[in-house]
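> Chains A and B are the protein sequences, given in the same order.
Here the working numbering is used: the first residue of the first sequence is 62, the next is one more, and so on.
Here the working numbering is used: the first residue of the second sequence is 94, the next is one more, and so on.
Worth double-checking, as some hints may not be accurate.
[What the hints assert, rightly or not] List time: in silico EDC-like cross-link candidates among lysine to aspartate or glutamate, alpha-carbon distance up to 20 Å: (1) B:Lys345 / A:Asp356; (2) B:Lys224 / B:Glu301; (3) A:Lys254 / A:Asp277; (4) B:Lys339 / A:Glu213; (5) A:Lys355 / B:Glu247; (6) A:Lys179 / A:Asp277; (7) B:Lys224 / B:Glu295; (8) A:Lys355 / B:Glu342; (9) B:Lys262 / B:Asp120; (10) B:Lys345 / B:Asp333; (11) B:Lys262 / B:Asp115; (12) B:Lys339 / A:Asp207; (13) B:Lys224 / B:Asp296; (14) B:Lys339 / A:Asp277; (15) B:Lys345 / B:Glu376; (16) A:Lys209 / A:Asp306; (17) B:Lys339 / B:Glu247; (18) B:Lys262 / B:Glu342.
[As the list claims (entries may be wrong)] One side of the interface only, derived from the structure: several residues of chain B facing chain A at Cβ under 10 Å: (19) Pro219; (20) Asp226; (21) Val231; (22) Val241; (23) Met386; (24) Ile388.
Quick caveat, the hints were computed from the structure, so don't treat them as lab data.
A quick note: this is a predicted structure, and the numbers were derived from the prediction, not measured.
All C-beta atoms in this analysis are idealised placements derived from N, C-alpha and C, irrespective of residue type, glycine included.
Below are the chains, spelled out letter by letter.
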Amino acid sequence: MSTFIQQLINGISLGAIYSLIALGYTMVYGVLKLINFAHGDVYMVGAFMGYYLANGLGARGAQMLGMDSDGVVARGLLGGGAMEPSLITALVVMLLAMAICAALGVVIERLAYRPVRKYSRLTALITAIGVSLLLENGGQVVFGADPKFFPELFTKQNIDLGGGVSVNSSDIVVLVIAVALMVVLQFIVYQTKTGKAMRAVSFNLTSAKLMGINTDRIIAFTFALGSALAAAAGVLVAIRIPRIDPLMGILVGLKAFVAAVLGGIGNIPGAMLGGLLIGITETLVVGYLSPTYKDAVAFAILILVLLFRPSGLLGSVAQEKV
Amino acid sequence: MPRYARNLVVALLLLAVLYALDYFVFDPGRRMISPYVARIIMLAGINITLAVSLNLINGFTGQFSIGHAGFMAVGAYSSAYFSINQGARLAAGLGDGLLGWAAALLLATPLGALVAGAAGFLVGVPSLRLKGDYLAIVTLGFGQIIVVFLNNIEAIGGARGYSGIPIVKSFFWIALVAVLTIVVVHNLVHSAIGRALVSIREDELASEAMGVNTTRYKVMAFVISSALAGAGGVLLAHFDGYLNPKSFEFIKSFEILIMIILGGLGSIVGSVLGAVVLTVLPEALREFAQYRMVIYSVLLIVLMITRPNGLLGGLDPFKGWRARDRAKTRTEAEEITAEDTRDNDSVDKATLGERAGDTSLGEGDTRR
Chain A
62 MSTFIQQLIN GISLGAIYSL IALGYTMVYG VLKLINFAHG DVYMVGAFMG YYLANGLGAR
122 GAQMLGMDSD GVVARGLLGG GAMEPSLITA LVVMLLAMAI CAALGVVIER LAYRPVRKYS
182 RLTALITAIG VSLLLENGGQ VVFGADPKFF PELFTKQNID LGGGVSVNSS DIVVLVIAVA
242 LMVVLQFIVY QTKTGKAMRA VSFNLTSAKL MGINTDRIIA FTFALGSALA AAAGVLVAIR
302 IPRIDPLMGI LVGLKAFVAA VLGGIGNIPG AMLGGLLIGI TETLVVGYLS PTYKDAVAFA
362 ILILVLLFRP SGLLGSVAQE KV
Chain B
94 MPRYARNLVV ALLLLAVLYA LDYFVFDPGR RMISPYVARI IMLAGINITL AVSLNLINGF
154 TGQFSIGHAG FMAVGAYSSA YFSINQGARL AAGLGDGLLG WAAALLLATP LGALVAGAAG
214 FLVGVPSLRL KGDYLAIVTL GFGQIIVVFL NNIEAIGGAR GYSGIPIVKS FFWIALVAVL
274 TIVVVHNLVH SAIGRALVSI REDELASEAM GVNTTRYKVM AFVISSALAG AGGVLLAHFD
334 GYLNPKSFEF IKSFEILIMI ILGGLGSIVG SVLGAVVLTV LPEALREFAQ YRMVIYSVLL
394 IVLMITRPNG LLGGLDPFKG WRARDRAKTR TEAEEITAED TRDNDSVDKA TLGERAGDTS
454 LGEGDTRR
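Take these sequences, add in the hints, and give me the full structure.
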């Protein structure tokens with residue numbers, strides 16, 4: 062039983078990260094009907110931005126890299142300021158990475174997706190694959206193809222919950238931050254005017270435009286929001302498992318997309334639910350069955366769900382019109 | 094001359110030409126072309142098989158499948174297993190020469206195609222009930238699951254890869270399979286079955302109302318497409334003598350997809366062209382070393398922006414004329430919704446007050 066609870070906790074933490082990425086997929090799909098294959102790579106860029114920022118701010122990673130031999134906290138690149146590893150560091154790093162990736166998302170939308178928006182959805186899809194390849198290959202050139210070790214942003218420790226169950230503090234931090242971000246997202250989408258415009262655009266782009274909504278701006282905003290969440294997920298993943306490489310976004314992105322479809326693509330609570338489900342099942346399969354089949358799990362669930370409920374768990378059922 | 098006799102003559106002539114090319118140009122002993130060039134031409138041939146077969150289901154039937162590499166893998170691995178365990182013995186029995194390997198491949202290729210077709214049937218029957226993006230993602234999922242299984246079956250090498258497959262680098266064989274694929278797809282598309290397939294692509298509901306058994310035809314197209322992809326896989330397996338599950342990940346499916354979209358969906362000539370261009374392009378960019386794939390992806394994006402319907406998309410005079418005609422009647426409001434690559438119904442749908450342009454991926458929009 063204690064193993065089960067332990068696995069469940071790990072699964073929820075992993076699932077929260079999938080949810081964050083899935084949200085970006087689902088929002089972009091909502092407004093553009095586009096499977097943004099580059100989204101997983103934005104998440105990768107987010108993790109790398111976190112890496113450079115953390116080292117720049119002089120977190121403990123610098124020590125780990127051997128830049129600090131005499132026990133003093135390493136000097137960062139940013140004016141030599143020394144920053145102790147703490148939750149504040151982690152938050153600052155994450156927020157900056159989110160800002161950078163939000164900008165990246167807007168740039169991608171402006172340069173690659175907007176020019177093809179008037180063409181068929183297939184064209185847009187291939188463009189998305191192109192952007193994805195560009196980020197992966199560009200990442201290998203710019204960041205280097207070798208895996209990098211993410212610095213420790215705050216001191217991790219295991220918290221014993223009794224009964225043989227323990228939680229790593231990083232899992233708690235990941236979960237709290239992820240939930241907080243989702244609450245913020247809920248607020249933006251359901252309580253603000255921009256959010257209302259987003260929902261209008263995803264309901265019907267043409268009508269939204271006729272109602273005087275600046276759809277271009279809303280779409281750009283959606284990309285910014287989604288990319289920021291992906292970047293947050295990137296940093297959070299790196300906090301949990303501090304090993305990042307330029308191809309890390311491929312499979313995770315795919316699974317997050319599966320999570321979005323699972324919950325009902327275009328549906329925001331669905332993406333959160335889908336992410337959690339995929340995360341938990343994957344962890345349970347690794348724990349109880351076989352770790353080698355873990356990558357098949359997400360797809361197997363997806364196939365089963367789609368065969369019995371083709372619009373996803375929370376998606377509305379399509380009406381066929383003649 | 095009766096038709097079958099004429100066809101027979103054409104077929105024999107073709108065989109002769111392919112064999113002559115193989116004998117005079119591709120024989121490494123004669124040094125007509127460098128092994129490098131020969132390799133690229135043969136790879137292009139394999140890619141033509143894959144692209145044309147994918148075009149049958151994606152381009153002609155309009156069912157958006159992105160798990161093609163999975164079926165290719167099934168064909169490749171099953172034929173490799175056969176060649177290692179039976180084919181080699183058979184070839185040795187016939188003298189291990191040209192004749193022996195021709196016989197072995199003659200068995201291995203249909204076998205790979207058959208197994209891949211069976212896999213296509215198993216995947217197709219449940220998933221073809223889905224449409225658009227959902228079908229896409231399910232086929233992608235099946236493709237990934239196949240890769241996970243390949244990674245875990247030790248009898249075929251697992252994650253280490255499957256080595257020791259007899260190498261038969263034969264231009265004749267590769268070209269023959271490619272030509273056969275083209276002929277099969279071309280004839281199929283220009284038959285009654287083909288018209289049923291195209292009617293499903295254009296409007297599945299109307300097609301069904303006209304009495305077309307859409308499920309049956311969709312599954313049929315899917316199975317044939319998978320089987321041909323399997324044949325492409327057989328070629329690949331015997332080309333390098335080594336298979337790795339990594340090379341059948343969804344990236345490979347995307348590669349094939351890019352070929353047919355680059356060439357123009359629903360165009361066999363386009364698929365051939367797309368396959369050749371996308372085989373040669375990465376090689377041509379080789380001198381840029383590490384920037385090769387970066388340039389490749391930038392080119393892909395630029396191409397999609399400048400030629401959204403593929404290289405041959407606007408060149409078809411009839412298609413171009415209709416597209417221009419439609420452009421005149423298009424209003425701005427219609428323009429913001431995504432435009433259809435195919436040339437039928439975006440205007441009609443818009444005037445009916447329906448959201449136009451979703452059809453190229455099928456019914457992905459669930460909130461109508």
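> For every hint, state whether the structure bears it out.
Results for each hint:
no., hint, result
1, B:Lys345 / A:Asp356, "17 Å, holds"
2, B:Lys224 / B:Glu301, "15 Å, holds"
3, A:Lys254 / A:Asp277, "15 Å, holds"
4, B:Lys339 / A:Glu213, "32 Å, violated"
5, A:Lys355 / B:Glu247, "17 Å, holds"
6, A:Lys179 / A:Asp277, "12 Å, holds"
7, B:Lys224 / B:Glu295, "13 Å, holds"
8, A:Lys355 / B:Glu342, "15 Å, holds"
9, B:Lys262 / B:Asp120, "10 Å, holds"
10, B:Lys345 / B:Asp333, "17 Å, holds"
11, B:Lys262 / B:Asp115, "10 Å, holds"
12, B:Lys339 / A:Asp207, "18 Å, holds"
13, B:Lys224 / B:Asp296, "12 Å, holds"
14, B:Lys339 / A:Asp277, "39 Å, violated"
15, B:Lys345 / B:Glu376, "17 Å, holds"
16, A:Lys209 / A:Asp306, "6 Å, holds"
17, B:Lys339 / B:Glu247, "15 Å, holds"
18, B:Lys262 / B:Glu342, "24 Å, violated"
19, Pro219, "5 Å, holds"
20, Asp226, "6 Å, holds"
21, Val231, "6 Å, holds"
22, Val241, "4 Å, holds"
23, Met386, "4 Å, holds"
24, Ile388, "9 Å, holds"
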